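The whole structure should be built from the sequences, with the hints applied where relevant.
Line order of the protein sequences matches chains A and B.
Numbered by our numbering, the letters in the first sequence go through residues 1 to 433 in order.
Numbered by our numbering, the letters in the second sequence go through residues 1 to 289 in order.
Hints are supplied without guarantee of correctness; some may be wrong.
[What the hints assert, rightly or not] List of simulated lysine-lysine pairs, DSBU-like, C-alpha gap at most 30 angstroms:
{"id": "1", "chain 1": "A", "residue 1": "LYS271", "chain 2": "B", "residue 2": "LYS66"}
{"id": "2", "chain 1": "B", "residue 1": "LYS200", "chain 2": "B", "residue 2": "LYS219"}
{"id": "3", "chain 1": "B", "residue 1": "LYS84", "chain 2": "B", "residue 2": "LYS58"}
{"id": "4", "chain 1": "B", "residue 1": "LYS124", "chain 2": "B", "residue 2": "LYS102"}
{"id": "5", "chain 1": "A", "residue 1": "LYS159", "chain 2": "A", "residue 2": "LYS271"}
{"id": "6", "chain 1": "A", "residue 1": "LYS271", "chain 2": "B", "residue 2": "LYS102"}
{"id": "7", "chain 1": "A", "residue 1": "LYS271", "chain 2": "B", "residue 2": "LYS58"}
{"id": "8", "chain 1": "B", "residue 1": "LYS84", "chain 2": "B", "residue 2": "LYS37"}
{"id": "9", "chain 1": "A", "residue 1": "LYS284", "chain 2": "B", "residue 2": "LYS102"}
{"id": "10", "chain 1": "A", "residue 1": "LYS271", "chain 2": "A", "residue 2": "LYS331"}
{"id": "11", "chain 1": "B", "residue 1": "LYS58", "chain 2": "B", "residue 2": "LYS102"}
{"id": "12", "chain 1": "A", "residue 1": "LYS284", "chain 2": "B", "residue 2": "LYS219"}
{"id": "13", "chain 1": "A", "residue 1": "LYS331", "chain 2": "A", "residue 2": "LYS369"}
{"id": "14", "chain 1": "A", "residue 1": "LYS159", "chain 2": "A", "residue 2": "LYS89"}
{"id": "15", "chain 1": "B", "residue 1": "LYS102", "chain 2": "B", "residue 2": "LYS70"}
{"id": "16", "chain 1": "B", "residue 1": "LYS154", "chain 2": "B", "residue 2": "LYS219"}
{"id": "17", "chain 1": "B", "residue 1": "LYS124", "chain 2": "A", "residue 2": "LYS271"}
{"id": "18", "chain 1": "B", "residue 1": "LYS102", "chain 2": "A", "residue 2": "LYS369"}
{"id": "19", "chain 1": "B", "residue 1": "LYS66", "chain 2": "B", "residue 2": "LYS84"}
{"id": "20", "chain 1": "B", "residue 1": "LYS70", "chain 2": "A", "residue 2": "LYS284"}
{"id": "21", "chain 1": "A", "residue 1": "LYS284", "chain 2": "B", "residue 2": "LYS66"}
What the hints contain is simulated information worked out from the structure, not anything from laboratory work.
Just so it is clear, the structure is predicted and the values come from calculations on it, not from any experiment.
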Amino acid sequence: MTCHAFCMTFRFDSSRISHLACVFLLACTWGAQAGEADFSAEEIARIASHGPWPMPSMRDPGNRVSGNPAAIRLGYRLFHDPGLAANRKISCATCHQPERGFQDGLATARGLQHGIRNTPGLWNVGQQRWFGWDGGHDNLWSASLRPILDPAEMGGDAKRTASLLRGQSELDCLYRHAFGKAPDAGDDALLANVAKAIAAWQETLVSPATRFDALREALLRGDGAAVANHAPALRRGLRLFLGRGQCATCHAGPLFSNGEFGDIGVPFFVKPEGVDPGRQGGIKRVLANPYNLLGRHNDDATRNNATATRHLRPEHRNFGEFKVPSLRNLKYTAPYMHNGSLATLRDVVHHYSQIDEDRLHSDGERILKPLHLTESEIDDLVSFLEALSPETPMVIPGPPARIDSCRGFARRSQGKADAHAASVTSHVSRNDR
Amino acid sequence: MNPCPESPPQAVSRSRAWGAGLLLALTVGAASAAEQKLPIFDAHIHYSHDAWESTPPKAAIAILRKAGLKRAMVSSSSDDGTQKLYAEAPDLVVPSLRPYRKRGEISSWVRDETVIGHVEERLKKYRYAAIGEFHVYGADADLPVMRRMTQLAKQYKLWLHLHGDSDAIERVIRQDPEARILWAHSGFDRPEAVRAMLRKHPRLYADLAFRNDHASGGKADPAWREAFLEFPDRFLVGTDTFTPERWYYIVEHADWSRGWLADLPRDVAEKIGWRNGETLFASMMTGRQ
Chain A
1 MTCHAFCMTF
11 RFDSSRISHL
21 ACVFLLACTW
31 GAQAGEADFS
41 AEEIARIASH
51 GPWPMPSMRD
61 PGNRVSGNPA
71 AIRLGYRLFH
81 DPGLAANRKI
91 SCATCHQPER
101 GFQDGLATAR
111 GLQHGIRNTP
121 GLWNVGQQRW
131 FGWDGGHDNL
141 WSASLRPILD
151 PAEMGGDAKR
161 TASLLRGQSE
171 LDCLYRHAFG
181 KAPDAGDDAL
191 LANVAKAIAA
201 WQETLVSPAT
211 RFDALREALL
221 RGDGAAVANH
231 APALRRGLRL
241 FLGRGQCATC
251 HAGPLFSNGE
261 FGDIGVPFFV
271 KPEGVDPGRQ
281 GGIKRVLANP
291 YNLLGRHNDD
301 ATRNNATATR
311 HLRPEHRNFG
321 EFKVPSLRNL
331 KYTAPYMHNG
341 SLATLRDVVH
351 HYSQIDEDRL
361 HSDGERILKP
371 LHLTESEIDD
381 LVSFLEALSP
391 ETPMVIPGPP
401 ARIDSCRGFA
411 RRSQGKADAH
421 AASVTSHVSR
431 NDR
Chain B
1 MNPCPESPPQ
11 AVSRSRAWGA
21 GLLLALTVGA
31 ASAAEQKLPI
41 FDAHIHYSHD
51 AWESTPPKAA
61 IAILRKAGLK
71 RAMVSSSSDD
81 GTQKLYAEAP
91 DLVVPSLRPY
101 RKRGEISSWV
111 RDETVIGHVE
121 ERLKKYRYAA
131 IGEFHVYGAD
141 ADLPVMRRMT
151 QLAKQYKLWL
161 HLHGDSDAIE
171 RVIRQDPEAR
181 ILWAHSGFDR
191 PEAVRAMLRK
201 HPRLYADLAF
211 RNDHASGGKA
221 DPAWREAFLE
231 FPDRFLVGTD
241 TFTPERWYYI
251 VEHADWSRGW
261 LADLPRDVAE
271 KIGWRNGETL
281 FASMMTGRQ
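Rendered as structure tokens:
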């Protein structure tokens, strides 16, 4: 089939496919202009599937304060406030450090105790389907609540949370604005509400466009000069990513993740004895969690957002599977893998290049095979992966806009929060770096 | 007339006696429940070098006992792992000779004729119930290395634990129509296809390791249920510890197996859960030197 005929076939399908067909038609045109030496029409169509960026923002139907300005400001303030933690010294931002892509640079997290998993970055977290390396949460607010309550992380509780909110007049005001009532430790919705506010703020964390996005746009508009301006190593790495590497099979779409889970041969023992069961344990956790989408805290009355959760069943293969992470912003979130066992992007590419097939079960078609990449091919893939991060420095998001009716309170309590933030940074500097 | 004055001490006494009786009953009941816990013959265990490094033999055997296994058929890369476990618990371990000398030979072994000498040496030296688990697909089953495995199985009266497709099974059976084969993972085939193979080949048996499609939520899938009822003597369960971490899944897998087996008639559940393994494999070890 010629390129043209293939495009025409697509045009007769649904409107969505018609859109894809247009992308493909452009791709065909550009492919013809660029010649065989550059990206093929098929490659360009696949590159198109990794955008556009940023993705259209969507409200979370399970979170009634998603997009609510008061909740967003409240969430920002709480995220940085150590008052939620049992020791009043650590906050969400202790591990999710804005200047590190909301990661901490450590192999495994350190809250009140040492954890067993690498802290995930939070850019674009609102676009995810499952949360945590094991997908132990089916919504962002539930995932945000877990570390607050976990005795090994922040060790908080409802009483402490209510006290914090009532003790800072702007927080109290913002809570009343967002939820229409006072924060009350006896209200069993309090913790879910606080988590929903933190989630509402995290939904605003959308990372900027990257060199890859610029290359993609140039390819789609057939701008050969702009394409040629991108480093050859980046383009070769992209071709490897799509082709021989088959990376895009799992690292799909604009986020470069299919949102699911896989076993990529990374050991999952946890010292001194035992294992991290990964997704197998995560499925059990999400089903047992009172804050899941099947529970009463889900604000989507239709429960349409709970379909995937409803059908979850742990399978043998899930044992040792971990989430397919987004590849955006990787440059700022080293080390890598669920346990932070690989220090650099080069180590990651090496892992796939020399992957131990015996650690992978031969059930069905094997996606992962040792690539046996040359050193220059590894350089190319790393170049491509780095092009999925914005240029340095990563912009640190500032505080969301104040709410007019809480403005009178804001100046006083913001001063306190700034002092807390400085204290947290100092604590992190001393102990965790 | 009023029995009350007498009754309190009597009541206390009776109450104590009743309470003690209840406690005894509960204790006996719990013990009975534990005794009634379905034994499991796990037909698909590996104990390769990275497993014995992370989970030494004593710890590994403790896991098998904790899982309530009647016995486990073990094969390893290298076979030294199997021998270590067998030495630790000969009552629990049924050795199978995996032809791989180390990890990484899954794809290459069938074209590597040095494997033959290795297998012949081990067969002379140790006792086994089977050769396998090995991986072979399609026409590769007619390569010289695989043909020799079939001959050796016949010579030593051993099973072949074959991970492959139905084409490979057919080829091996053509080489030796008397060959006894345990089909690993039931070939990851559909239940109808597995039943057809079992009907066609009376010496073919199938393990259910690393599959979930035959049961969910403690219930057997209807199509698989028909297969189990048609061939209750031909299926076995297994965990498949293909990575060392999976040793920590054996206990859960045994309980998961008990869950769905309870959905079958008791005699069928016992056969698939452990009796088939005992009859087919464990019995071979008792009579051999």
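field: Broken hints, by number
entry: When the structure is compared with the hints, numbers 5, 9, 16 and 17 turn out to be violated.
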